[in-house]
Each structure stands twice: as C-alpha cells, then as structure tokens.
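Single-letter residue listing:
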Amino acid sequence: MKATQSPLFGSVDEVTERLERVGYLASTAVATTVYLADRLGKPLLVEGPAGVGKTELAKAVAAATDSGLVRLQCYEGIDEARALYEWNHAKQLLRITAGQGQESWDATRDDVFSEEFLLPRPLLTAIRRDEPTVLLIDEMDKADVEVEGLLLEVLSDYQVSIPEMGTVTAKRRPFALLTSNSTRELSEALKRRCLFLHLDFPDADLERRIVLTRVPELPEALVDSLVRTVRVLRAMELRKVPSVAETLDWGRTLLALGMDTLDDEAVRTTLGVVLKHRSDQVKATAELRLN
Amino acid sequence: MLSAPEHGLPGHLVAFVGALRNHGVSVGPGETVDAAEVITALDLLRRAELREGLAAALLRRSGQREAFDTLFDLYFPAAIGAGSGEVEIPRGEGQDGEPGPVDVDALREMLADLLRDGDEEKLRELARAAVDALGRSGATGRGVQGVHRQPGWSAYQALRLLSPETLLAQIMEGLREEGDSDLQDEVRRREIRDRIARFRTLVQDEVRRRTAEQRGRDQVAKTAVPKQAEQVEFLSAYADQLTQLRRTVHPLARRLASRLAVRRKHAKRGQLDMRRTLRRSMSTGGVPMKPAYKARRPGRPELVVLCDVSGSVAGFSHFTLLLVQALREQFSKVRVFAFVEKTDEVTHLFEPGAELSGVMQRVLREADLTAFDGHSDYGHALGTFAEHWGEAITSKTSLLVLGDGRTNYRDPNLTILKRMVGQARHAHWLNPEPRRQWGTGDSAATRYSDVIPMHECRTAAQLADVVEGLLPV
Numbered sequence: 001m002k003a004t005q006s007p008l009f010g011s012v013d014e015v016t017e018r019l020e021r022v023g024y025l026a027s028t029a030v031a032t033t034v035y036l037a038d039r040l041g042k043p044l045l046v047e048g049p050a051g052v053g054k055t056e057l058a059k060a061v062a063a064a065t066d067s068g069l070v071r072l073q074c075y076e077g078i079d080e081a082r083a084l085y086e087w088n089h090a091k092q093l094l095r096i097t098a099g100q101g102q103e104s105w106d107a108t109r110d111d112v113f114s115e116e117f118l119l120p121r122p123l124l125t126a127i128r129r130d131e132p133t134v135l136l137i138d139e140m141d142k143a144d145v146e147v148e149g150l151l152l153e154v155l156s157d158y159q160v161s162i163p164e165m166g167t168v169t170a171k172r173r174p175f176a177l178l179t180s181n182s183t184r185e186l187s188e189a190l191k192r193r194c195l196f197l198h199l200d201f202p203d204a205d206l207e208r209r210i211v212l213t214r215v216p217e218l219p220e221a222l223v224d225s226l227v228r229t230v231r232v233l234r235a236m237e238l239r240k241v242p243s244v245a246e247t248l249d250w251g252r253t254l255l256a257l258g259m260d261t262l263d264d265e266a267v268r269t270t271l272g273v274v275l276k277h278r279s280d281q282v283k284a285t286a287e288l289r290l291n
Numbered sequence: 001m002l003s004a005p006e007h008g009l010p011g012h013l014v015a016f017v018g019a020l021r022n023h024g025v026s027v028g029p030g031e032t033v034d035a036a037e038v039i040t041a042l043d044l045l046r047r048a049e050l051r052e053g054l055a056a057a058l059l060r061r062s063g064q065r066e067a068f069d070t071l072f073d074l075y076f077p078a079a080i081g082a083g084s085g086e087v088e089i090p091r092g093e094g095q096d097g098e099p100g101p102v103d104v105d106a107l108r109e110m111l112a113d114l115l116r117d118g119d120e121e122k123l124r125e126l127a128r129a130a131v132d133a134l135g136r137s138g139a140t141g142r143g144v145q146g147v148h149r150q151p152g153w154s155a156y157q158a159l160r161l162l163s164p165e166t167l168l169a170q171i172m173e174g175l176r177e178e179g180d181s182d183l184q185d186e187v188r189r190r191e192i193r194d195r196i197a198r199f200r201t202l203v204q205d206e207v208r209r210r211t212a213e214q215r216g217r218d219q220v221a222k223t224a225v226p227k228q229a230e231q232v233e234f235l236s237a238y239a240d241q242l243t244q245l246r247r248t249v250h251p252l253a254r255r256l257a258s259r260l261a262v263r264r265k266h267a268k269r270g271q272l273d274m275r276r277t278l279r280r281s282m283s284t285g286g287v288p289m290k291p292a293y294k295a296r297r298p299g300r301p302e303l304v305v306l307c308d309v310s311g312s313v314a315g316f317s318h319f320t321l322l323l324v325q326a327l328r329e330q331f332s333k334v335r336v337f338a339f340v341e342k343t344d345e346v347t348h349l350f351e352p353g354a355e356l357s358g359v360m361q362r363v364l365r366e367a368d369l370t371a372f373d374g375h376s377d378y379g380h381a382l383g384t385f386a387e388h389w390g391e392a393i394t395s396k397t398s399l400l401v402l403g404d405g406r407t408n409y410r411d412p413n414l415t416i417l418k419r420m421v422g423q424a425r426h427a428h429w430l431n432p433e434p435r436r437q438w439g440t441g442d443s444a445a446t447r448y449s450d451v452i453p454m455h456e457c458r459t460a461a462q463l464a465d466v467v468e469g470l471l472p473v
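Protein sequences appear in the order of chains G and A.
Just so we're aligned, residue 1 is where the first sequence starts under our numbering, counting upward by one.
Just so we're aligned, residue 1 is where the second sequence starts under our numbering, counting upward by one.
No wet-lab data here; the hints were simulated from the structure.
A portion of the hints provided could be inaccurate.
List of simulated lysine-lysine pairs, BS3-like, C-alpha gap at most 25 angstroms [said to hold, decoys possible]:
1) K142(G) x K265(A)
2) K227(A) x K191(G)
3) K265(A) x K333(A)
Sample of chain G residues facing chain A (criterion: CB under 8 angstroms; computed from the structure) [claimed, not checked]:
4) V12
5) T33
6) F113
7) E185
8) A189
Beta-carbon label-pair distances, calculated as ranges [as the list claims (entries may be wrong)]:
9) G358(A) x T269(G): 51 to 57 angstroms
10) E66(A) x R268(G): 34 to 40 angstroms
11) G68(G) x G28(A): 31 to 37 angstroms
12) G174(A) x E20(G): 49 to 55 angstroms
13) T183(G) x Y238(A): 25 to 31 angstroms
14) A204(G) x K396(A): 50 to 56 angstroms
15) E217(G) x R160(A): 45 to 51 angstroms
16) T166(A) x R268(G): 28 to 34 angstroms
Where is the CB? At the ideal position from N, CA and C, for every residue including glycine.
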C-alpha cells in the first residue's frame, strides 16, 4: 500500500512551509516527525504537557493537506461501539418485522447485516473515506487499556474486521495522529507501531513568532517581554507551569486591558491568567520580587 | 581514534542502538529497522532533522531524551577535531611559532558579550574554540600547559578558568538602565543565569566529544552519559538532579493513581452476599439465578509518615513526601512527622495548596528536631514520637518510616518500634540505601528489618514500584 499512495509532503521544509501557511509554526522536531510519519506510513504518537498544541497539530496537518479531519475523543469507558462501529438494532428489528412471512430466514439474515444497517464510528469512517483523511485519536491515555487492543489492527494494517461482513481495508491510508498527556503509560504494543514525538514548550524565538501570529495586534516589544517572563516562570518549581495557550491568553488579556508595557503593576494584576494555583502565584510573586 | 564502522552506516546504527540499550533505553529490532528507514528518508547532511527523526523512531518515553542526545552527539558528531569555527581566541605571546597560551581575561570579555546577547550558535562555537585552545596551549600566567605533549581536554579546567558564574554581576551592570524595575531586573538575571548554565553544558558536551575522539567512543559512552531522572540514586544525586526529579512527582502520582483505579476495577468481584442472593431468588421461584455479591469499599487508611530529615537522606525524604502529598486522595488523613534527634509534627507545612519546593528548609528551621549535637538518633526519635504522639497510631493507621537507619551507634530502640508496628494496621520502612549496605557501620537497618518490613528505594522508579504495591486496593 505504501507504494500506491503518493506522499503528502515532498520534504521537511515543505512541511514547515505548508503548516506555516495555515498558521501553525512547527519546530524542526515537529516538521521532521510529521514528514516521516507520512513517508513511512506510520501513526504519530504525540506526548507532552497540556496546552502545547498537540490537537492543534492534527488540525493544522488536515488544513495544510486539504484533508478531512476525523476525530475520536477518548474518555474513560469508551468501547468498540463508540470507536469502531455499531449495528443499528432498531432499524434491523424494523426490517425483520417488515419482511415477516414473505422472506426466507437466510435472505433476511444476510440483509440485516449489510451496509445499510451499519453505523460507522470514527475509526471505521476514517478507514472508509476516499478523500485524504487525518485521523485524530485524542487523549489516548484517558481510554482503558482494552481500547488499545482495538486500535492495533486499525493502526498497523489500516483495516477493520467486522465478523458479519468481513474485513474493511482502507482505500486510502489516513494520516493517523494520537495524542496523550501521559497520565498512564500506553502499552508497548501500541507505542511500537507509532513514531514518537515529545512536544515540549517551544524555544523563545518560536514562541515569540507564535504569539505574533496568533495575536498580531500586540506590539513586538511587549511580546518579547511577555515571552521572556513566561520562560522565567517555567524555570521555577511550580505545580503547573504556564503553557503556550496561557502565554496567548496573557497577551490577549493585556491587550484587552489596554496595557502596552509589562511592568510590575501589570504582572501583579494579571498573574492569575498564567498561574492557576494560589501557591504558584504566591511563589512567583516572591521570586520575581513583586511585593 | 575514530575508525569507520565495520558494516558501514547500518553497522554504525546498530552500534548506536547498542549504546542506547546500555543506558536503559529499550530499543527492539523493530525500532532499529524503523530507524534505518528514517535514515533513508532523510537528508543525512541536515543533522538537526536526523536527530529528531531517529528520536521519533527509537524513543518511547520523554525521560529518555537526555541520554539519547548525549549519545547522538557522540555517534553523530557535528565536527571532527577542532572544527572550522570563526571564533578567534585571544592569546598571549607564543614561542617558536607555536600559538601562545590563552589570554583568559580577554576570553572572559568575549564570553560576557555573548552571554549578554544570548546567541546560542555563537556560544557553542566559543565553547568549541575555548576548549580546543585551553586544551592545547593552556592559559597565560598559569605555567605552560599542553605544549609538546598530548592535548588534554578538561571541562573542569576550562570552566574553572573561565568561571562564567562570576560574570553575572558584570553583565547585569552593563545592562542596567535608569528606571528599571525589580521585575525586569529579576527576569534578566534569571535569563543570564540560564545562559550560563547552558554554556556549562556546551563546554561539557564539547569536552566529551573531543575525549571520545582521543580515547574511543565506547569508553566515553560508558561513563559520561547522564542517567534518566528515574534511575538517579537519591543518595548520590546532585541538587539539580533532585530538582529535576521533583518535577516528575505529579506525573508519577497521576500514573500511580490511574494504575490503582485499573487495579480496583479488576478486583471488583467480592464475596457472595447470601442474604441478598436469597432475596433475589424470590422472583425466580426460589431458584437463585443471579447471585449477589458484597460490594467492597475501597479502603482509605490514615497515613502516618515518620521521616528522617537529616542531611544525608533529606533528598529522598523530600521526594517521598511530595509523592505522598500528591497521592493524598488515596488516604483519609495524612500526618507527617519529621525527626533528626527528636520528633516533631510538621503536618501543617504539608497542607493542600502549600508551597512545597522549599519545604525541607522550613521543616529544619521551624520544627524542634535537635537535642544535643544534631546527628540522627533513631532510638530517641522513636521514643519522643511514642511519648507525645503515640495515640496517632491506631488500628486504622498505615505507618510509613523513611530513613537509612543510620543511628550513629546509638540505641535503635527496637521495643518501641515493635509496639508501634503492633498497633498499626500496616507498617513499612522505605530505605534509600542499597540493600547490601544495610547493617554495615552504624546502620541498624537489618535489626529494624526484623521488626518491620523494609523496602529498598534507591531510585524514583523503585520507589514508585514499592508505593504502588503498598497502596490499598
């Protein structure tokens, strides 16, 4: 299958460029792994702290390649019927009652287990699509261990076996992206099938550019001091360090309040936007000598 | 000493994978094949992309990255020999056409400028050139080193001569402007400090690379690669290793809690509830079709932690207390007692939402822990605990003792401990020393372990395993 499908990207630079065009600034690590995942036809497992743009990456890849995004949001207790497919029981019953007395059992049986009565869920949908597809399996670590077993067939062979109908094989291999906050270790079997990307906070330069792209109204000097302050906060021993999303929120807050410099007063009044724990705020205030 | 590998690029890759395995990164043959595919798909001349690509194929956990990066630099070095940097190192007068010794003061000026501007590439080049020049020619005014003999690379020597830390005040002075607030000042100070730390690692990386050329890669790979945070031994960890370790507490606690939830779910089946089974059988004419089971309540014990906070084991105690604190929901009540010579209750310092990174200093400052000379005295500490807070241990309590059991040859007071263990529902002792050292010298660990189950917890990984085993289902 690898041979029949033309890759989405031609080079690592092209990945960076096309992602940038849809507003996602990728680091070398991100661009390289996205390129490889596409080239080698492997799913990409993205791990990292909350708010660094894991889900955003999937959306950006979909936008950059004009693919449809199929999303499976994992949660505790998600099962086959929610992830793969389900039979439409009500409709099957109707069909059986409607055909009563006129059809043989064999014909009815074959009929109620056909395409018409199948309710595809995200994984099957992604496999059956003809158009280019990005399959996002979000917060994989929230799902139970059993679900990983379900995913193995989908992710390694891009096919789904339905006992009553046979095996559905992908017409077009989707670009699969899994995200995890590492609240638990994913199984080795699953990890082995994926390329692994640890997405961390971007470096200062990249973060500056991200803020400037996302909140273009902010003056450059303010963005600079904003990013530098956030980086200092990240270096502290805090319970929850601010992520990129919080840097952006902070920028928007300053903008809304009409502040154009990040002075002591501004930091003191708006620190709550970046630090969500009381003890973190106390600590940061003391360490930055704000009182 | 660098020689071409026997089987070309594949052989080199296999050697690299072997080195990773030696450092506890489990890489299977499947991953090695992936890595080979990565190499074919990428442009080998673009080193940053190759690094990320190999990491994506070979690593499975974020904590492995540091070891990977160091080994990558050894196996895929950015340059051979001194490289072709643009940086001109200032030197004193040389003799016989040899380049003269390095003018350290002028070099420090250059370093200060680069640290102020914060250009990482330039810093890296300076580190490379400085290590090379200092290793070959030595420094002015410190005797002629390195001439007419094999050059020697030493991070210790280079960093001692350059002593980048002492540049901080000078750089800060140069940057200060009228009307700077404390905040700007502080942010800047921390930035410069980070860059200095960065420069130190650059110098160390550079020295490692040059040493590998001289003494062989495998030799260096064996000793100089940093350990993964979870594998660092508590008792020999540096301050910044401990800091790094403490950052992993919350993810670790979350992982333990979710593993526990899985265990609870699988252990759901309880005992048969006869009364309810018979009651249910009424609807089926007295035939018990559906058995009913007794629901098991998850036990949420009270926890009493008794921890040694003396210098030698403070790092271990701190980490364990943070972990206990992060797992607080698993217990109905947590009480923390600290001891050195005497015992004192410090529960109030570990309230939810309290600031915990500097908590050990507060414990030592605020609690009443010493009596005579400030050396640990387990016997006396157990005695004061039993005397003042003996009622804290009830049949619902789990007792956890943290310490190395080194009593400075004083009475270990086994009878008191035996009585405490008898009163508590569970009792365990976590010891950060390797098992083979128990009972050596002034350690009473073996005598204590006759009375109370003792577990070896040298690393965070080991501690996590032990704690997981101890948590109630």
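Results for each hint:
1. K142(G) x K265(A): 15 angstroms, holds
2. K227(A) x K191(G): 22 angstroms, holds
3. K265(A) x K333(A): 23 angstroms, holds
4. V12: Cβ of V12(G) sits 5 angstroms from chain A, so the hint holds.
5. T33: 4 angstroms, holds
6. F113: 31 angstroms, violated
7. E185: 7 angstroms, holds
8. A189: Check failed: Cβ of A189(G) comes no nearer than 11 angstroms to chain A, outside 8 angstroms.
9. G358(A) x T269(G): 51 to 57 angstroms: 26 angstroms, violated
10. E66(A) x R268(G): 34 to 40 angstroms: Holds: the Cβ-Cβ distance is about 36 angstroms, inside 34 to 40 angstroms.
11. G68(G) x G28(A): 31 to 37 angstroms: 34 angstroms, holds
12. G174(A) x E20(G): 49 to 55 angstroms: The hinted range 49 to 55 angstroms is violated for G174(A) and E20(G), with Cβ atoms some 36 angstroms apart.
13. T183(G) x Y238(A): 25 to 31 angstroms: With a Cβ separation near 29 angstroms, T183(G) and Y238(A) satisfy 25 to 31 angstroms, so the hint holds.
14. A204(G) x K396(A): 50 to 56 angstroms: 52 angstroms, holds
15. E217(G) x R160(A): 45 to 51 angstroms: Hint holds: Cβ distance 49 angstroms, inside 45 to 51 angstroms.
16. T166(A) x R268(G): 28 to 34 angstroms: 33 angstroms, holds
Violated hints, in rising order: 6, 8, 9, 12; the structure is consistent with all others.
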